[in-house]
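S.K.: Protein sequences appear in the order of chains U and L.
Under the numbering used here, the first residue of the first sequence is numbered 1, with each subsequent residue one higher.
Under the numbering used here, the first residue of the second sequence is numbered 1, with each subsequent residue one higher.
Hints were generated in silico from the structure; no laboratory data involved.
Check before you lean on any hint, since a few could be wrong.
What the hints assert, rightly or not - With a cut-off of at most 27 angstroms between alpha-carbon atoms, the simulated DSS-like pairs for lysine-lysine come out as follows: (1) K327/U / K224/L; (2) K98/U / K312/L; (3) K228/L / K228/U; (4) K224/U / K228/L; (5) K325/U / K221/L; (6) K312/U / K228/L; (7) K224/U / K98/L; (8) K325/U / K228/L; (9) K312/L / K228/U; (10) K228/U / K98/L; (11) K224/U / K128/U; (12) K221/U / K325/L; (13) K224/L / K221/U; (14) K98/U / K224/L; (15) K312/L / K221/U; (16) K325/L / K98/U.
There are 2 protein chains.
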Amino acid sequence: MPEKRYLFTPGPTPAPPEVLQAMSAPVIHHRGADFRRIYEECLLRLKEIFRTENDVLMFAASGTGGLESAVANLVSPGDRTLVVSSGAFGERWAALNKAYGADLDHLAYEWGETPAAEDIRGRADGAKVVFLTHSETSTGVVADIQALAAVAKEAGALVVVDGVSSLGAVPLETDLWGLDVVVTGSQKALMTPPGLAMVSVSEEAYARLGTAPRFYYDWEKTRKAQAKLDAPFTPAVPLVAGLNVALGLLLEEGLEAAFDRHARLGRACREGIKAMGLELFSPDEERSAVVTTIVSPENLDSSRLVAHLRDKHGVTLAPGQGHLKGKVFRIGHIGYYDIFDITSALAAVELALIEFDIAIERGVAVGRALEAYEGSTRV
Amino acid sequence: MPEKRYLFTPGPTPAPPEVLQAMSAPVIHHRGADFRRIYEECLLRLKEIFRTENDVLMFAASGTGGLESAVANLVSPGDRTLVVSSGAFGERWAALNKAYGADLDHLAYEWGETPAAEDIRGRADGAKVVFLTHSETSTGVVADIQALAAVAKEAGALVVVDGVSSLGAVPLETDLWGLDVVVTGSQKALMTPPGLAMVSVSEEAYARLGTAPRFYYDWEKTRKAQAKLDAPFTPAVPLVAGLNVALGLLLEEGLEAAFDRHARLGRACREGIKAMGLELFSPDEERSAVVTTIVSPENLDSSRLVAHLRDKHGVTLAPGQGHLKGKVFRIGHIGYYDIFDITSALAAVELALIEFDIAIERGVAVGRALEAYEGSTRV
Chain U
1 MPEKRYLFTP GPTPAPPEVL QAMSAPVIHH RGADFRRIYE ECLLRLKEIF RTENDVLMFA
61 ASGTGGLESA VANLVSPGDR TLVVSSGAFG ERWAALNKAY GADLDHLAYE WGETPAAEDI
121 RGRADGAKVV FLTHSETSTG VVADIQALAA VAKEAGALVV VDGVSSLGAV PLETDLWGLD
181 VVVTGSQKAL MTPPGLAMVS VSEEAYARLG TAPRFYYDWE KTRKAQAKLD APFTPAVPLV
241 AGLNVALGLL LEEGLEAAFD RHARLGRACR EGIKAMGLEL FSPDEERSAV VTTIVSPENL
301 DSSRLVAHLR DKHGVTLAPG QGHLKGKVFR IGHIGYYDIF DITSALAAVE LALIEFDIAI
361 ERGVAVGRAL EAYEGSTRV
Chain L
1 MPEKRYLFTP GPTPAPPEVL QAMSAPVIHH RGADFRRIYE ECLLRLKEIF RTENDVLMFA
61 ASGTGGLESA VANLVSPGDR TLVVSSGAFG ERWAALNKAY GADLDHLAYE WGETPAAEDI
121 RGRADGAKVV FLTHSETSTG VVADIQALAA VAKEAGALVV VDGVSSLGAV PLETDLWGLD
181 VVVTGSQKAL MTPPGLAMVS VSEEAYARLG TAPRFYYDWE KTRKAQAKLD APFTPAVPLV
241 AGLNVALGLL LEEGLEAAFD RHARLGRACR EGIKAMGLEL FSPDEERSAV VTTIVSPENL
301 DSSRLVAHLR DKHGVTLAPG QGHLKGKVFR IGHIGYYDIF DITSALAAVE LALIEFDIAI
361 ERGVAVGRAL EAYEGSTRV
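Work out the full structure: start from the sequences and follow the hints.
M.R.: Structure (structure tokens):
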């Protein structure tokens, strides 16, 4: 039998069969009625999922392309900006700001810490833009964006949020929280393969565009085209078709139900991991519902654990990034993901640790995960 | 019966069923062995198709993203550059150069003209980069890139070529002709849906990088990652899988055979169009093997013709772009395309013109096209 494959990473994430099927439809032209129907529905669904009345701009790009669009459109050389980071993706905001010549103030927490609103009070004064990361995929921390954004807005800054791994998984209220720009990608909670970046942009952000060179990621160009259900450059037709199906599935489940599911999946994963006697690196709290980061047992390089599971058992977890390489491993639980994915991931970790001869509590993780999960779904 | 659809535009182009099928495979992680196998093969096949020993960099983006990468990596503000244009895509080079603050010399031919090497002699002197368009998709002109590049190289400039609709359809010798940068997209002769841009970069180009801000399109970042079979940002996994299958099909056919097929398709299309009594806008020459542009009959707005065929018959041709809107229509014949696509396209044009009550030669176009096609394939 060919080895079965299991994808338990925080992106790309598995896509539902309906989505994959939509992607394999014959190619259609992006200016014909067949595509426009899909495109219009998809753009409307995005607004609903972003919870915004703003335009949601779509780019054929990875999530990072969407992040760069925020810097390229808002930051002129020498502009004061504030980046708040506590992991690899927050640091990407800093790298982007440096690449565009910002006068950058970088509030860099230790990886794994949770940014606090008090820390940016005062520090956001005079910044044109404050860059935040909602779900820090490298550590599992989900920040309190509402509180952070409130302080930044008070200081008169534009608020730009990396919502790549959070949108659709945990509550994110673009308009209610006054988020000027929210960036996401197709390949996380939106259950579509990678290749699309989506960016919501507020009127205030459009009113304060910068002067950095840009063309492909130019927001005004894209906004103008989308207003006529067009795109300035050939869109990634099959990915848009797939995304539209995925967004339909997400809205059918309901956003609140999806948030609840992700919270319960996170809880189940954490309880299972702790039951094995392993230590959590990501916070043991409800908000951490996107990815669970686990400290690798002493004397076991986590990259070896991840490689072993992938090469011997067909199970893909995520290793540590940056200076956490070798020290932690990560189980993603976003998107097309249910409790049996959690129990499979836990079983895989348990099996691998036994094979590495690591002393753990055996035979309890899955049971504890089920208990934690069912707590809120009694029939 | 649901209406059958026919896609006869110069991009996106139809994708073979094998390609679509590869795209609908379950999502795999881009850092696992399953993807690396595909990625490595795909990157090697690209080098073979670009006919280069240089790296071919891959971006999740439309073709224009690849074009922008050339300007962002090579052009610093104030750099002298020369853009040679004779249609919409050549003018895109000019717009990109302006966006990046180049000291631009724009040699702008009338749309539909063919650039001549003599015209850039002298004019390329002192330019850091000369930007050329191989196949001008808006008009159907395929330029003599070898001759143009030779003059630009003599003047000491880097040569950057838009090969988006030409690579894989007409001869393009990246190394032999000394082309420093060639840009293409997945959605033309490479028979894959839109969403990937590929860029070959010479050592000389790497040695003369500019200072403009860039991150997502940074060549060195991508080159470094690809050297380890990695990507700096999550690649569009299913599109890469589809592209790899498509490139395999193209290499199986053989590049020379593909060039010959495209030349014969172009010839058949032109002969069929002329037999109807219609006037060609694109040159009536062998090199024009990518897209045939046709002057719309007097008193018939070509956009109406295109809309009629699309809405009433399920046949998608391309309208005129820019100031050719309403005046011409275009039949693409690149990629997954054979003689029966040409005969269907011609039959569709004939039917529509009859329905618009335009006086044409009836019943001869398909016969003439078959004659022109078979000329070189006698058994």
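S.K.: For every hint, state whether the structure bears it out.
M.R.: Here is how each hint holds up against the structure:
Between K327/U and K224/L, the direct Cα distance comes to roughly 25 angstroms. Compliance with the 27 angstroms bound is thereby established for this hinted pair. Pair hint K98/U plus K312/L does not hold up; C-alpha atoms about 53 angstroms apart against a cutoff of 27 angstroms. At roughly 42 angstroms between alpha-carbon atoms, K228/L and K228/U are farther apart than 27 angstroms, so this suggested pair is violated. Straight-line distance between C-alpha atoms of K224/U and K228/L comes to about 40 angstroms, which puts the hinted pair past the 27 angstroms bound.
Among the hinted pairs, K325/U with K221/L is consistent with the structure: their alpha-carbon atoms are about 20 angstroms apart, no more than 27 angstroms. Taken as a hint, the K312/U and K228/L pair is honoured in the structure, with Cα atoms around 22 angstroms apart against an allowance of 27 angstroms. Straight-line distance between C-alpha atoms of K224/U and K98/L comes to about 20 angstroms, which keeps the hinted pair within the 27 angstroms bound. Proximity of K325/U to K228/L is assessed by CA-CA distance (about 17 angstroms); at most 27 angstroms being required, the pair is judged to hold.
For the suggested pair K312/L and K228/U, the alpha carbons sit about 22 angstroms apart, so the restraint of at most 27 angstroms is met. Between the alpha carbons of K228/U and K98/L the distance comes to roughly 25 angstroms, so the proposed pair stays at or under 27 angstroms and holds. For a cut-off of 27 angstroms, the pair hint linking K224/U to K128/U stands: about 25 angstroms separates their Cα positions. Restraint check: the Cα-Cα separation between K221/U and K325/L comes to about 20 angstroms, which is no more than 27 angstroms; the hinted pair holds.
Annotation: proposed proximity of K224/L to K221/U is violated, straight-line Cα distance about 31 angstroms (limit 27 angstroms). For the proposed pair K98/U and K224/L, the alpha carbon gap of about 20 angstroms is at most 27 angstroms, so the pair holds. Restraint check for K312/L and K221/U: the C-alpha separation of about 31 angstroms exceeds 27 angstroms, so the hint is violated. This hinted pair does not check out: K325/L and K98/U have alpha carbons roughly 43 angstroms apart, beyond 27 angstroms.
When the structure is compared with the earlier hints, violations turn up for hints 2, 3, 4, 13, 15 and 16 and for no others.
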